[in-house]
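Mind docking chain B on chain A? Use the hints.
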Amino acid sequence: MSAMKEEKSFSQGLIAFIEEWKDKPGNLIMILHKVQEEFGFVSRDSADTVAQMLDIPLATIYGVLSFYHFFKMTKPGEHNIQVCLGTACYLKGGETLIEELTGLLGIEIGAVTEDGKFSLEGVRCVGCCGLAPVMTVGGEVFGKVTKDQLPGIIAKFK
Amino acid sequence: MAFRNYILVCGGTACESSKANAIYEALVSECKAQGVADEVQIVKTGCFGFCEQGPIVKILPEDSFYVQVKPEDAKELVAEHIVKGREVKRLLYAKEGSRKHAKVEDIEFYQKQFRIVLRNCGFIDPENINEYIAREGYVALEKVLFEMTADDVIAELRTAGLRGRGGAGFPTWMKWNFTKQAESDQKYIVVNADEGDPGAYMDRSTLEGDPHSVLEAMAIAGKTVGANQGYIYIRAEYPLAIKRLEIAMAQAREYGLLGKDILGSGFDFDIEIRLGAGAFVCGEETALLASIEGKRGMPVPRPPFPAVKGLWGKPTVINNVETWANIPVIIIKGGDWFSRIGTADSHGTKVFALTGKIRNSGLVEVPMGTTLREIIYDIGGGIANDREFKAVQTGGPSGGVITKEFLDTPIDFGSLTKLGSMMGSGGMIVMDEDDCIVDVTKFYLNFTVDESCGKCSPCRIGGRSLANLLDKITKGKAELADLDQMVEIGEAMKKASLCALGQTAPNPILSTLHHFRDEYLAHVVDKRCPAGKCKSLISYHILPDKCIGCTACARKCPVAAISGERREVHVIDQAACIKCGVCYETCKFGAIEVR
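Taken in sequence, the protein lines are chains A and B. Residues in the first sequence are numbered from 1 upward in steps of one, following the numbering used here. Residues in the second sequence are numbered from 1 upward in steps of one, following the numbering used here.
In isolation and in its complexed conformation, chain A is listed as follows (with noise of 0.2 Å):
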């Protein structure tokens, strides 16, 4: 069973985590983060396992994932670029930068490269509004980003 194999794959640390929490009402959002704190998404198999552990349906599992934009049910890419597209970041050009960004890594939006190495989304304020425009690689962010330094910032992560 595909759910079983999956959880053998979830690490000590994830399976004491989700034991600690099983109890507590309203756990299963806390749950999650956790699972996509050690994965970067949350699988089909992921979802299946804490559907077993917690036993709810998954039914549940999925109207929780899909409604938060914060879970990912697809992997991302080795470095995640997010672009903030907050008020001040549309203003100050967000937009262009994912324009260029989808011509320099020929991808769309909410996709990965070819070679796993980078996915694109835009993303909701980041709060870093006196940055604006601001971008993120990985978790490191870059501010008043101009469409000439992308190839450089880029370049770092290759």
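Please note: incorrect hints may appear among the correct ones.
[To be verified] In silico DSSO-like links for lysine-lysine, alpha-carbon gap of 30 Å or less:
(1) B:K243 <-> A:K34
(2) B:K533 <-> B:K455
(3) A:K156 <-> B:K70
(4) B:K89 <-> B:K75
(5) B:K84 <-> A:K144
(6) A:K144 <-> B:K260
(7) A:K144 <-> B:K333
(8) B:K84 <-> B:K70
(9) A:K72 <-> B:K404
The hints are simulated quantities; they were obtained by calculation from the structure and are not laboratory data.
Leaving out everything else, chain B in the frame of chain A:
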């Protein structure tokens, strides 16, 4: 003073991302290397608010304000300022165009500010409870535990006239009183830190810079209404704030300020963190509570209000971060003191996130009643790049725009609503003449459409229809009747939507239609975008008398739409042009025109 100098390094997210951490490390190792480590205390504080100039380093007691500091500057700062006692002039803040090197008190950005909520941000190490305690921290809790009755606390809040800072401005004392009066075996305290409004980041900065102020306020509320469990619902996108909250909670427990039998009073109170997962609607209180319960964050009709029937059906006090951060100060200084700050309608201060086309972006806390002109021109330093002011957007996707003629209105909850906008959480986004009002409105509508939970049809279908109509306008395919239809749909959504998200979603349209009808008409009737933003409505042209034939534009054009020999006037093939604007940016002779 135990130390000769104190070096404060901004450790807010914006500064951290521009290498504040590396600066801190560099300063620590330089102080060791230059043998002054014992004489200097280096502290990583919360946000200074002046994000435009970050990373910021402040050195006390001289009060020197160093801006845009780089890790490489650490050596010079220590050698010159600390060892030799000479300020490093080149790193001191100077107002654009002036030579005067300013101390904090001379900086206009800070002069009109009055800090209650941000009182400790940029002063204390948020990861050290002792520094909070040294600045009257947990004094208010002690007072509530031993000297005040629950009714005293509520009376104090009532005198203070504190209104919720999350957007709606509901009187805080009333919320607390409802929960206090509700009979139940279990009650809850909840902090709404799901700061989803794009362009607002005061809650994040408060939690990063002064987490204990919120924890203390929660315990005060717990004692007042009879709750012993609290939850902080915070965006997962704010890892630094989460980390500092966790550290603060652990330290407070260790000091007996959270947990069982707080300060020997017999009162138990503890707090758990719950993470949001990127759903704007969860800023709505009933949706937020559903999310804490682990469910899809969908709102339910009110009443019953959460104050009576909230988390897991129990009475729940739910307030926004900024509201919480005001509480300890009100308890210490009294409701009377607080009520004297601000206007008759709204007491106290408000924190605004001043962003967009402004010279000094940053977090600004001012007394209610300060005018927009003071905030934008005195504190914010005016519009960047000497462009013309067009409008300021307040209230985010639920708010509207305020134009030039209203810049002198003293702002509070009432005045903003009267102008057709709203306070919201305090995002203040400045737009200049290059911004297209229709385009920005479309941005907000696309946001609310994306974030609508889909539960009620006015919001789900109405929002989509509005976004489609705006799209039509920006593409030059709309007719005049479409403008009336937008108003009609918008008014219906306001009346029929289930929660504030749908009820306020049409506001950006209604407000901009009112103030900028001309600009809508230009799009609809003349098929023209005056700001030159809407791609379907503009075209790029080369001015024959200015083009010198340098070929720079032709070489940069990604679709080879520009032709012309060297030293001859170039021409853009309109059919091939994708309107990316590269030629416009490339031309050094101003020979390219947007029509």
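Query - Given pair status - B:K260, A:K144, alpha carbons within 30 Å - result: 48 Å, violated
* To do: Take the C-alpha atoms of B:K84 and A:K144, compute the straight-line distance between them, and say whether it is at most 30 Å.
  => Given pair B:K84, A:K144 is violated - Cα atoms ~35 Å apart, limit 30 Å.
Q: For the pair we were handed, B:K84 and B:K70, check the Cα-Cα distance against 30 Å.
A: 20 Å, holds
Taken at face value, is the distance from the CA of B:K455 to the CA of B:K533 at most 30 Å? Given pair B:K533, B:K455 is violated - Cα atoms ~34 Å apart, limit 30 Å.
Holds or violated: A:K156 to B:K70, with C-alpha atoms at most 30 Å apart: Holds. A:K156 to B:K70 sits at ~20 Å (cutoff 30 Å).
Quiz item: A:K72 and B:K404: Cα distance at most 30 Å?
Solution: Between A:K72 and B:K404 the Cα gap is close to 43 Å, so the pair fails against 30 Å, i.e. violated.
- Query: Going straight from one Cα to the other, do B:K89 and B:K75 come out at no more than 30 Å?
  - Reply: 14 Å, holds
Check: Within a Cα-Cα threshold of 30 Å, do B:K243 and A:K34 meet the stated pairing?
Finding: 15 Å, holds
Please work out if A:K144 and B:K333 have their alpha carbons no farther apart than 30 Å. 41 Å, violated
The structure is inconsistent with the numbered hints 2, 5, 6, 7, 9, although it conforms to all the rest.
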